[in-house]
Amino acid sequence: MEWQSWVVSTFSFMLSYGTPLLLATLGEIYAERSGVLNLGIEGMMIMGAYSAFVSAYVTQNPWIGLAVAAGVGCAFSLIHAFASITLKANQVVSGLALTLLGLGLSGVLGRTWGGLPLPRTLQKITVPGLSRIPILGPSLFEGQTLLVYITILLVPLLWFILFKTRIGISIRSVGEDPATADSLGVNVKRVRYLCVAIGGMLAGVAGGYLSVAYRPAWTEGMTAGMGWIVVALTIFAFWNPITGMLGSFLFAALYHLSFRLQPWMSPELLRALPYLFAILVLVFVSRGTLQRRMGAPAALTIPYTRGED
Amino acid sequence: MRKRFAGVIGLLALLMIGALAVSAAEYVPGSPLKVGFVYVGPVTDYGWTAAHDQARQICVDTFPWLETIYVETVAEGEEGATIDKLINEEGCHVVITTSFGFIWGTVDKAQQYPDKIFLHATGFLREPNLATYMADFYQIYYLNGIIAGALTETNKLGYIGAVPIPELKRHISAFALGARAVNPDAEIHVRWINEWVDPVAASAATRALIDEGCDAFAFTEDTAAVVQVAAENEMISFGHYSPMYVFSPEYCVSGQIAHWEAIYLDFFQKIYDGVYTANNLKHVDYWWLLQEEGVEMGCDPGMVINPAYEAQLKGIMFTDPVLGEISIYDLVMIRLQQMSDPGITFDPFQGPVYDRKGVLRVPAGCILSFDELTQMQWAAEGIVGAWPDEP
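Chains as they are written, first to last, in this note's numbering: chain A, 1 to 309; chain B, 1 to 391.
Extracted from the complex, chain B is given alone in its bound form:
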């Protein structure tokens, strides 16, 4: 008995030494790479976390030298212990934290493990071994807004927002600018649910907006609840994060899909090649948009606009000061092209843009800087509803 006990102790000691050895090893370019993901939600949320996990899977399928592990539904604030585990017990060379709320734990651990590489989504704090990244949708929200503004009959568009942070405010304002570019009477009615994943609340908020007279819906919540409730009431919607066409083939007109793999593939390849190391990430910030193919417009891969709406959108004409008489369908496609081309010739926040209080936010001839976009608090004209921290 005692012998066996001693054996167990010995084994544990060996394991601990092994773990230490693993954690001390710095990544050698060209050798197998192990990456640990820290997710804020379940991989089955069909939204944010699901999109990250699909990207992880694509990376695994692409790179034979890549090994990954993930921990899901990690509460914000508890990322530190998870990171410790991924590095010390799992021997990860790279740790990716996929929520803004993981910011302090990630920075903390990046300083504690200077020879490991960290990547934090949607954040703004960087270290020599900590880079940040984001695949942003604001351009696509603008295009969705054009379609919604053209198709609405009540001139009231609904937006169900998860949490009032600059990212959502930027998206809602872009959606409003798109809608009002083709329909100056359009109003965007906003309801906040103050949760990232809460399909029951999102359904309730959608129904409240339908009762207000809204007939087209965009949203930020990590499930397809809004798309489903809109379809039940025969109203159009725009999918978000994941391909949501399947939830409403008749009424899901377009939307946005994230391609986090574009960023991950680039990042992992550069680590493997020795381009990115634990010493040179201080200024590495991925802000990938349409042009970099970090995001895609549509509610299903490869489908920019639901074919069921193509004829209708081609039939609605609009007079643009530069492009002249043009159909809504063509307008969307041209704007999409202008923002996807290497030399971008269009931006949703192109001045002059006023906020809903009448303050000039973007002067004529200007566009917003990266910082202005990522710290946006104001609400564009046409937005109706509560707007916490409105300047």
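For reference, chain A alone in the conformation it holds in the complex:
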């Protein structure tokens, strides 16, 4: 039954490691769909990780930690929103600044929190009934935290809002053609602010998941580049929450296999594999016409000023 244990472990890891990637990717999809590229994910995630750990440590409640992380991520993203939407600054520069600021600030603030284990971490649950299904049960419905399932439920919800509701149409039209959307009475600024804030919130929670559930402790720079993977996954997902889920879980599974396959393949190559995969996908989708067809927002990274067209 060797293969079964491989399936179980890969799927189980896919959920636990893929969840923070998915959360942040969902947020970035919303931000980019509204026309704002946010390269500050790494910064928002690390601030989320730091604030979640500290507040969960102080209150002894990991859920409060996650709520604080959502707030901090949101507040942090508003810096980017203000710079890029209101001040119309270059989105790439402003996003990068956010990443650097987050890494630096969390490092300074986190100084005294390094060597502490979190007394109460996010609890792992077993889904009654479903966990008894052979193979699938132990791989998907056992030993995960509730946040994993909440995140998965968010996927259809966010997809529905984006593609089947008026709000979704507003978001997408602002990302495609803000001038037309504006003339039709959509408040471009407000929609963009809202989407960036949602992105920040989800990135904050993603970071919080790392420090209160995945590995309950605080280490400076513990997100270790995850935010950049999210940027790639957003493109890989063609700005669609459902493909975003597939991409995040696929990446997580590859990441797991990169450790399991080490006795047979070069560890350096394996460690690079998930990233190579991301680059390949980026090369593939960056062909202009294809990108347009796949859903790249036309007004991405372009600040909107009324009356200039």
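In short, the hints are calculated from the structure, not lab data.
These numbers were taken from a predicted model, which means no experiment stands behind them.
Each hint should be verified, as a subset may be incorrect.
Claimed, not checked - Below, computed lysine to aspartate or glutamate pairings styled on DMTMM-like, alpha-carbon distance capped at 25 Å:
no., chain 1, residue 1, chain 2, residue 2
1, A, K124, B, E232
2, B, K357, B, D341
3, A, K124, B, D211
4, B, K34, B, D273
5, B, K156, B, E232
6, B, K357, A, E268
7, B, K156, A, E2
8, B, K314, B, D211
9, A, K124, B, E234
10, A, K189, A, D177
11, A, K124, B, D215
12, B, K282, B, E167
13, B, K282, B, D84
14, A, K124, B, E292
15, A, K164, A, D182
16, B, K156, A, D177
17, A, K124, B, E250
Assemble the complex: chain A is given as a structure, and chain B must be docked to it using the hints.
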């Protein structure tokens, strides 16, 4: 306005002259000593850099004439500019670089500032004003291996390695030799993460090893991630560098703690006394082990073995050709004693030792030289997994 501007210029000029004067001054024994530390990681990593910084603090508390300053998270390759700053702007007499990767910048700057004193961790290049040092754990890894080999139920031990360099290979092989000394069926499954500080990857690697069936974990990574993941799965682990007992009071059995202060205190005192100067360090290489108290066995200061495991280890018996019927607990304590005594009577790499390809690496009756230890590339028997640059 112009006056103020001129004032600023004048002040700057004065400062620069002052800085030059400071940097030109050679250290006079018995006068206040200023030491600058260049760290590779954050002082909060709870591993390598944290251990160095605690040692720095102890030195400051011990010597009233000592002043220190540190620069953390310095990228390897950028140490040169940091050293310049510490000497020219901060007026340091001594600069300590705490990562192997700082080797070229340190040598370079030691030649550029011949009247300053340098100390480089884990390196092998020395100058008249540049000494090297290391507090090594290989003896303790062997002892941890004995415990892991005795306690494992699956006969599979996991080792999460940061970067495949001789230091780690030496430690993993020592761990394997210890485990197989008491349990010839033990296998040591190794996974590399290719980062010094990456708790997320270390957790992922630990989980992969658990899926392989490993049930006891040792590691080299600068956080407690492995200890935490092992505890979550109710599996034993061995702390590394810093006291990690607090992360897993139930499952952290032992481990190793560095006492860099032992080396630093000795080094600073000798500079203060005028024994070490910028002219006589060419052959000063600290290689401090159990005997010199540069390192300590345990996952908490003063706790060699977690008391929760004492009874169990006293209950497992083992027949040693020399010591006869003996419990694992006593065996560990005797070996620890043998390696801590002034006249060392035991070494983990005591021949005959074969590597996993069957090549005799240490002939019977021999032990490894310092160079053989510090340049070790082979893997001991029982090690499973990738091993870059395996001879």
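Hint-by-hint comparison with the structure:
1. Note on K124 of chain A and E232 of chain B: the hinted pairing holds, with a Cα-Cα distance of about 11 Å set against a maximum of 25 Å.
2. Distance hint between K357 of chain B and D341 of chain B is unfulfilled; the C-alpha atoms sit about 34 Å from each other, more than 25 Å.
3. Under the criterion of a C-alpha separation no larger than 25 Å, the hint pairing K124 of chain A with D211 of chain B is consistent with the structure, at around 18 Å.
4. Restraint check for K34 of chain B and D273 of chain B: satisfied, since their Cα atoms lie roughly 14 Å apart, inside the 25 Å limit.
5. Simply put, K156 of chain B and E232 of chain B have alpha-carbon atoms about 18 Å apart, close enough for the 25 Å limit, and the pair holds.
6. Proposed proximity of K357 of chain B and E268 of chain A is supported: the alpha carbons are some 22 Å apart, at most 25 Å.
7. For a cut-off of 25 Å, the pair hint linking K156 of chain B to E2 of chain A stands: about 16 Å separates their Cα positions.
8. Restraint check for K314 of chain B and D211 of chain B: not satisfied, since their Cα atoms lie roughly 30 Å apart, outside the 25 Å limit.
9. Between K124 of chain A and E234 of chain B the CA atoms are separated by roughly 14 Å; this keeps the pair inside 25 Å, and the hint holds.
10. Restraint check: the Cα-Cα separation between K189 of chain A and D177 of chain A comes to about 13 Å, which is no more than 25 Å; the hinted pair holds.
11. Note on K124 of chain A and D215 of chain B: the hinted pairing holds, with a Cα-Cα distance of about 21 Å set against a maximum of 25 Å.
12. Annotation: proposed proximity of K282 of chain B to E167 of chain B holds, straight-line Cα distance about 23 Å (limit 25 Å).
13. Distance hint between K282 of chain B and D84 of chain B is fulfilled; the C-alpha atoms sit about 22 Å from each other, no more than 25 Å.
14. For the given pair, K124 of chain A sits about 46 Å from E292 of chain B by alpha-carbon distance, which is inconsistent with the 25 Å threshold.
15. A hinted pair counts as satisfied when its Cα atoms are at most 25 Å apart, and K164 of chain A with D182 of chain A qualifies at roughly 20 Å.
16. Among the hinted pairs, K156 of chain B with D177 of chain A is inconsistent with the structure: their alpha-carbon atoms are about 60 Å apart, more than 25 Å.
17. Our distance criterion of 25 Å between C-alpha atoms is met by K124 of chain A and E250 of chain B, whose separation comes to about 19 Å.
The structure is inconsistent with the numbered hints 2, 8, 14 and 16, although it conforms to all the rest.
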